[in-house]
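Protein chains in written order, with this note's numbering: chain A, 1 to 440; chain B, 1 to 176; chain C, 1 to 319.
Don't read these hints as lab results, they were simulated from the structure.
From a predicted model like this one, the values you see are computed outputs, not experimental measurements.
Glycine is no exception: its CB is placed at the ideal position from the N, C-alpha and C atoms.
Treat the hints with care, since some could be wrong.
To be verified - To list a few chain B residues with every Cβ distance to chain A over 12 Å, as calculated:
| # | residue |
| --- | --- |
| 1 | 24 |
| 2 | 46 |
| 3 | 73 |
| 4 | 153 |
| 5 | 160 |
As the list claims (entries may be wrong) - Computed footprint of chain A on chain B; a stretch qualifies when at least three of its residues, placed anywhere within it, have a C-beta under 8 Å from a C-beta of chain A:
| # | segment |
| --- | --- |
| 6 | 5-12 |
| 7 | 17-23 |
| 8 | 113-121 |
| 9 | 134-146 |
Residue-level listing of the chains:
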Amino acid sequence: MTSLEYGLWSIPVLLLLIFLRLPIGLAMFVIGVAGTSLVTGSTVPALAQLKSLVYSTFSNYSLSIVPLFLLMGQFATRGGMSRALFRAAETFVGHRRGGVAMAAVAACGGFGAICGSSLATAATMGQVALPEMRRAGYSGALSTACLAAGGTLGILIPPSVVLVIYAILTEQNIAKLFMAAFVPGILAAAGYMLTVSLYVRFRPDSAGHRERAPWSERVAALVGVWPVLLIFIAVIGGIYSGVFTPTEGAAVGAAGTGLVALWKGGLDRKGLVDSFLSTAASTGMIFFIVLGATVYNGFLAFSQLPQQSAAYVAGLGLSPWLVLILILVCYLIFGCIMDSLSMILLTIPIFFPIVSALDFGLPPEEFALWFGIIVLIVVEVGLITPPVGMNLFVINSMAPDIPLSQTFRGVMPFIASDILRVAILVLFPSLTLFLVRWLH
Amino acid sequence: MRQTVEKALTTVSGWFAIAGGAVLVAITAMTVVSITGRELNWLGLAPVPGDYELVEAGTAFAIFAFLPWCQMKRGHVTVDLFLARFGPRVNAAVDVVSNILMTAVAVLIAWRLWLGMLDKKAYHETTFILQFPLWWAYAAAMTGAVLFAVVCLYTIWRSLAETLQPPRQSPQHQES
Amino acid sequence: DVTLRVHQFLPLQAAIPARAITPWIEAVESQSNGRIKVEHYPSMQLGGAPPALYDQAKDGVVDIIWTVLGYTPGRFPRTEAFELPFLVTNAEATSRAFHEFVEANAMEEFAGVKPLALHVHGPGLLHVKGDGVTTLEDMQGLKLRGPTRIVTRLLDKLGATAIGMPVPAVPEAVSKGVIDGAVIPWEVTLPLKMTELVNTHTKFDDPRGLYTATFVFAMNQGSYDALPDDLKAVIDANSGPDTAALFGRAMDEVDAIGEKKAEESGNTILTISAEETARWKEAADPIVAEWIAEMNDKGLDGQALVDAARALVDSNTAR
Ligand code: NA
Ligand code: NA
Chain A
1 MTSLEYGLWS IPVLLLLIFL RLPIGLAMFV IGVAGTSLVT GSTVPALAQL KSLVYSTFSN
61 YSLSIVPLFL LMGQFATRGG MSRALFRAAE TFVGHRRGGV AMAAVAACGG FGAICGSSLA
121 TAATMGQVAL PEMRRAGYSG ALSTACLAAG GTLGILIPPS VVLVIYAILT EQNIAKLFMA
181 AFVPGILAAA GYMLTVSLYV RFRPDSAGHR ERAPWSERVA ALVGVWPVLL IFIAVIGGIY
241 SGVFTPTEGA AVGAAGTGLV ALWKGGLDRK GLVDSFLSTA ASTGMIFFIV LGATVYNGFL
301 AFSQLPQQSA AYVAGLGLSP WLVLILILVC YLIFGCIMDS LSMILLTIPI FFPIVSALDF
361 GLPPEEFALW FGIIVLIVVE VGLITPPVGM NLFVINSMAP DIPLSQTFRG VMPFIASDIL
421 RVAILVLFPS LTLFLVRWLH
Chain B
1 MRQTVEKALT TVSGWFAIAG GAVLVAITAM TVVSITGREL NWLGLAPVPG DYELVEAGTA
61 FAIFAFLPWC QMKRGHVTVD LFLARFGPRV NAAVDVVSNI LMTAVAVLIA WRLWLGMLDK
121 KAYHETTFIL QFPLWWAYAA AMTGAVLFAV VCLYTIWRSL AETLQPPRQS PQHQES
Chain C
1 DVTLRVHQFL PLQAAIPARA ITPWIEAVES QSNGRIKVEH YPSMQLGGAP PALYDQAKDG
61 VVDIIWTVLG YTPGRFPRTE AFELPFLVTN AEATSRAFHE FVEANAMEEF AGVKPLALHV
121 HGPGLLHVKG DGVTTLEDMQ GLKLRGPTRI VTRLLDKLGA TAIGMPVPAV PEAVSKGVID
181 GAVIPWEVTL PLKMTELVNT HTKFDDPRGL YTATFVFAMN QGSYDALPDD LKAVIDANSG
241 PDTAALFGRA MDEVDAIGEK KAEESGNTIL TISAEETARW KEAADPIVAE WIAEMNDKGL
301 DGQALVDAAR ALVDSNTAR
């Protein structure tokens with residue numbers, strides 16, 4: 001077989017191993033090492049590279065924000081911040097039809113404004129909102145699906161891990177990217193709430209009913225949100241005023257959340273140990289996948305599959321818009337089986353040069369911002385598309401009585417809302433760009 | 001016998017996870033101190049020297065220290081879609097295979113990390129600012145990598161036992 | 001007959017990949033009549049972090065790499081003589097000097113690889129927001145990103161606060177005021193878009209620039225040894241001080257483009273006078289003395305290395 005054929009064949013083999021229930025990171029790692037050895041005709045390159053590859057992957061400065069955001073999620077739970085966010089949203093909209101699910105989405109958006117990780121957002125808000133929705137009589141499908149989708153707001157609303165990685169890969173200004181992500185992020189939250197309201201209109205049995213909360217309770221709940229607001233102002237204000245970088249902002253957020261948890265008494269010995277253990281489990285899971293993706297990506301590059309397909313697409317002479325649409329469709333397909341971080345790492349070095357050579361009538365920097373936000377969304381859709389959707393797994397594992405297939409079914413309308421949003425943002429670049437233009 | 005080993009390894013992995021978490025907290029605090037020093041530099045304060053490399057070395061240690069706990073608690077993501085209907089025994093048998101592969105990978109990682117550490121030591125490589133020997137950071141990571149391999153080895157045993165005598169509830173991926 | 005893989009950390013359009021590595025590949029492919037085929041993998045496509053590149057060539061992960069020697073501090077102590085302040089003249093002459101220097105003094109540090117070109121970048125200078133730097137006193141309290149460990153130490157000695165951060169983090173840190181500027185050659189201002197971020201650029205009225213950094217373009221020894229003699233000859237013809245000079249010239253060419261861009265954008269280009277430069281050199285002397293002492297501790301003759309470096313730079317610049 002030629003190198004290229006090894007690259008092509010690796011894709012169905014990878015899928016097969018994943019469906020045979022091999023851990024995803026393990027499958028990518030094994031195929032990556034075996035494939036590199038086959039393509040280079042020797043085990044030397046793969047083995048020699050591993051001497052420093054694992055350490056350098058785990059010590060990557062820009063990825064250090066991932067465990068910090070996960071730790072922050074734990075502290076937010078211990079400090080009652082996630083509960084406060086959810087309570088505040090619920091007292092306002094909880095009595096409407098589907099209101100508790102809408103409150104869950106809104107609370108995810110609020111938490112996403114301080115946390116840059118989707119998994120951390122899904123896990124943190126899921127712990128609070130899932131039991132509440134079940135108690136209020138919401139169906140398993142709707143309650144797990146709306147939280148899985150809401151969790152993606154962790155990354156769609158800045159700060160955002162994926163945007164940091166994109167900025168590094170494409171040499172863009174992270175602060176401007178965050179700014180560009182604001183309006184699309186708020187559109188996402190609004191879209192998910194609209195989806196919930198349509199969902200319960202067509203499936204009235206999937207939502208229960210709650211009493212309207214009196215204004216006194218609403219005010220009290222709003223007041224309870226102040227620590228989140230304070231941390232939001234510190235993190236976002238600090239990033240935009242130049243006190244610290246977005247990467248350092250993760251540490252500031254984690255420190256602030258930790259202090260609140262400490263003050264609220266949530267970080268006694270047991271609380272601290274529990275938050276470390278939970279952080280360990282989710283960090284280990286994510287980084288094992290990142291490691292597998294790194295090894296697998298190296299093999300793909302050796303096989304020249306990405307380079308050749310990029311050259312092939314460029315040689316077709318298609319219209320820029322068609323190329324863009326093809327790329328977005330690729331992302332949606334890949335997103336069904338891949339994790340968002342590894343997808344960005346794998347594809348941006350290939351796709352970005354292709355698309356930035358095309359003319360979309362935008363200056364290069366604005367194009368890079370716009371493309372980054374659109375890619376961010378399609379990649380985040382991958383977190384909620386079956387069969388491999390990390391957010392679906394995270395939320396579903398919190399509710400052992402709900403079969404995964406129900407969660408899969410429930411999430412479909414939310415995926416539809418994502419695709420609709422992508423179409424709108426593709427058609428109207430100024431929705432993404434006007435804030436950046438206005439502030440610069 | 002297996003219960004004793006399970007308990008012991010859970011305890012040790014837990015310690016490692018806690019140590020990793022403590023390092024993350026230290027990174028957080030150090031970053032905040034460094035930002036403060038940089039911002040108040042007109043008061044004669046200064047950022048923490050080598051803050052970036054401390055974050056890198058600390059994060060690497062923490063992640064290596066987290067891997068054993070993740071493996072012990074069946075934390076790795078799998079797709080349960082198709083095999084779920086085959087019941088706990090078949091799934092435990094699949095786990096035997098994937099744990100054997102996982103052990104092979106864990107041993108490979110530890111072995112290569114060890115050689116990498118010897119390289120860094122032999123070539124006297126240091127960090128940029130603080131200039132501490134890079135192999136120290138590798139050695140710290142090594143402890144987690146070795147425990148990860150040991151835990152993987154044990155999980156083969158665990159899944160073998162579950163194949164012969166399935167637990168009530170099928171083991172599933174979890175995220176606590 | 002033979003396929004060689006080249007791996008490096010910058011995108012194809014950057015100075016060295018575009019103006020040195022790509023022409024080198026074309027030369028090797030045509031001089032071997034197509035018997036050597038070279039695959040160029042930019043931007044760390046084959047995996048790993050940039051500091052791993054050198055070992056990738058040494059261990060045979062790939063055949064050829066291009067990297068910064070400073071990415072692995074402590075590993076090439078003798079080559080640091082070229083990173084000392086006020087040594088570099090222009091990149092072409094200094095690169096030729098550097099290759100000759102390593103061949104004469106530091107080959108044991110490159111055991112296991114065949115260095116094809118050992119080169120440097122053009123003189124580094126100060127790129128700063130606000131009024132900029134014209135005297136030593138202006139350095140007080142400036143937060144500057146330092147490129148190498150020696151320059152980082154120098155900045156602290158000159159009264160500035162050296163911030164150690166990765167290069168890609170610089171533009172954002174400057175634009176937000178996390179740092180006031182950076183110390184880099186003109187060439188690096190282009191990918192970082194520094195002219196848009198700072199107002200001033202400070203150079204020295206002196207034949208020698210503030211600092212330089214060292215690079216290696218190296219081949220796995222086994223890959224070289226496995227070539228038949230006539231193909232070895234092709235590689236030999238495309239390595240050595242002349243090849244190093246070509247890499248250096250690519251740096252000089254792009255430095256000129258960077259400087260022109262700064263002029264056109266209306267930024268102020270400041271020059272530190274000859275007398276003032278003498279003060280800077282005096283302030284930098286302790287750094288050289290410290291480095292010599294450090295080498296002596298390692299059992300090397302620090303003073304001899306510094307003298308050899310200066311002599312080679314002088315003779316090659318005068319050529
Ligand atoms: Na966020
Ligand atoms: Na998916």
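Going through the hints against the structure:
Annotated as non-interface, residue 24 (chain B) brings its C-beta within 12 Å of a C-beta of chain A; the closest such distance is 5 Å. The beta carbon of residue 46 (chain B) is kept farther than 12 Å from every beta carbon of chain A, the shortest such distance being approximately 15 Å. Residue 73 (chain B), annotated as away from the interface, has a beta carbon of chain A within 12 Å; the closest lies near 5 Å. The Cβ of residue 153 (chain B) lies farther than 12 Å from every Cβ of chain A, with a closest approach of about 15 Å, so its non-interface assignment holds.
Against chain A, the non-interface label of residue 160 (chain B) holds: every CB pair exceeds 12 Å, the least being about 16 Å. Against chain A, the segment 5-12 of chain B contributes 0 residues with a C-beta closer than 8 Å to a partner C-beta. That does not satisfy the three-residue criterion, and the hint is violated. Coverage of the segment 17-23 of chain B by chain A holds [criterion: at least 3 residues with CB-CB distance below 8 Å; count 5]. Using a Cβ-Cβ cut-off of 8 Å, 4 residues of the segment 113-121 of chain B lie near chain A, which meets the minimum of three, so the contact claim holds.
Figure legend: the segment 134-146 of chain B, annotated as covered by chain A; annotation consistent (4 residues with Cβ-Cβ distances under 8 Å, at least 3 required).
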